[in-house]
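Peer 1: Sequence:
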Amino acid sequence: MSPHDLDSVWDGETFTTRLREVGTRRYHHKHPFHLLMNAGKLSPEAIKGWVANRFYYQANIPIKDAAIVSNCPIREVRRVWLHRITDHDGAREGEGGIEAWLKLAEACGMSRDELLDERHVLPGVRFAVDAYVNFARTKVWPVAIASSLTELFAPDLMANRLQRSRNIIDGCSRGVSITSAVE
Numbered sequence: 429m430s431p432h433d434l435d436s437v438w439d440g441e442t443f444t445t446r447l448r449e450v451g452t453r454r455y456h457h458k459h460p461f462h463l464l465m466n467a468g469k470l471s472p473e474a475i476k477g478w479v480a481n482r483f484y485y486q487a488n489i490p491i492k493d494a495a496i497v498s499n500c501p502i503r504e505v506r507r508v509w510l511h512r513i514t515d516h517d518g519a520r521e522g523e524g525g526i527e528a529w530l531k532l533a534e535a536c537g538m539s540r541d542e543l544l545d546e547r548h549v550l551p552g553v554r555f556a557v558d559a560y561v562n563f564a565r566t567k568v569w570p571v572a573i574a575s576s577l578t579e580l581f582a583p584d585l586m587a588n589r590l591q592r593s594r595n596i597i598d599g600c601s602r603g604v605s606i607t608s609a610v611e
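Residue 429 is where the sequence shown starts when you use the working numbering, and the numbers rise one by one after that.
No lab work stands behind these hints, which were simulated from the structure alone. Every value quoted in this text rests on a predicted model; they were computed, and no experiment measured them. Among the hints, erroneous ones may be present.
Unchecked claim - Below, simulated SDA-like cross-link-like pairs (lysine to any residue); rule was C-alpha separation at most 25 Å, straight line:
#, residue 1, residue 2
1, Lys-567, Arg-503
2, Lys-531, Met-465
3, Lys-476, Phe-443
4, Lys-469, Lys-567
5, Lys-531, Ile-573
All chains should be built: construct the whole structure from the sequences, respecting the hints.
Peer 2: What follows is the structure in structure tokens.
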């Protein structure tokens with residue numbers, strides 16, 4: 429690294445600000461598929477495909493986070509990171525984010541078995557998710573944690589996602605089509 433390179437190193441606040449700027453422009457909620465989904469313009473089959481493939485990713489997050497914890501020698505960091513596993517797996521049966529995805533699938537007309545046996549997971553999705561878990565398993569823990577920086581964008585997105593999920597579940601349980609449930 430040359431002395432000139434040191435002039436371009438960002439402080440923590442600048443780094444976070446610049447990363448958040450990227451997230452507001454390019455995060456997955458800006459993808460055309462998500463825009464159509466959130467506008468209620470996708471077919472029930474497209475929604476089911478999204479749920480099945482996104483579930484595969486969600487079900488692997490606690491595995492990825494467990495790999496990070498297992499590679500981290502610092503107790504304080506492990507303690508902070510452990511909540512991520514519980515958030516997805518739940519502390520007890522019937523709790524956690526994975527359970528919420530299973531309920532969403534049922535509301536969309538898919539059985540739990542259909543989701544859990546991964547029959548609808550596309551090969552490209554499986555490859556990408558498995559590569560992500562393997563990355564976290566094989567890289568040093570700070571690098572693996574850095575791959576999980578999407579939490580920087582999560583607070584606003586999670587509030588919107590929670591409301592959309594409620595709309596989908598409520599609509600499906602009333603027999604309303606999925607596309608009108610998200611409007």
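Peer 1: Take the hints in turn and mark each one as holding or not.
Peer 2: Structure-based check of each hint:
no.	hint	verdict
1	Lys-567 / Arg-503	holds (18 Å)
2	Lys-531 / Met-465	holds (18 Å)
3	Lys-476 / Phe-443	violated (37 Å)
4	Lys-469 / Lys-567	violated (40 Å)
5	Lys-531 / Ile-573	violated (29 Å)
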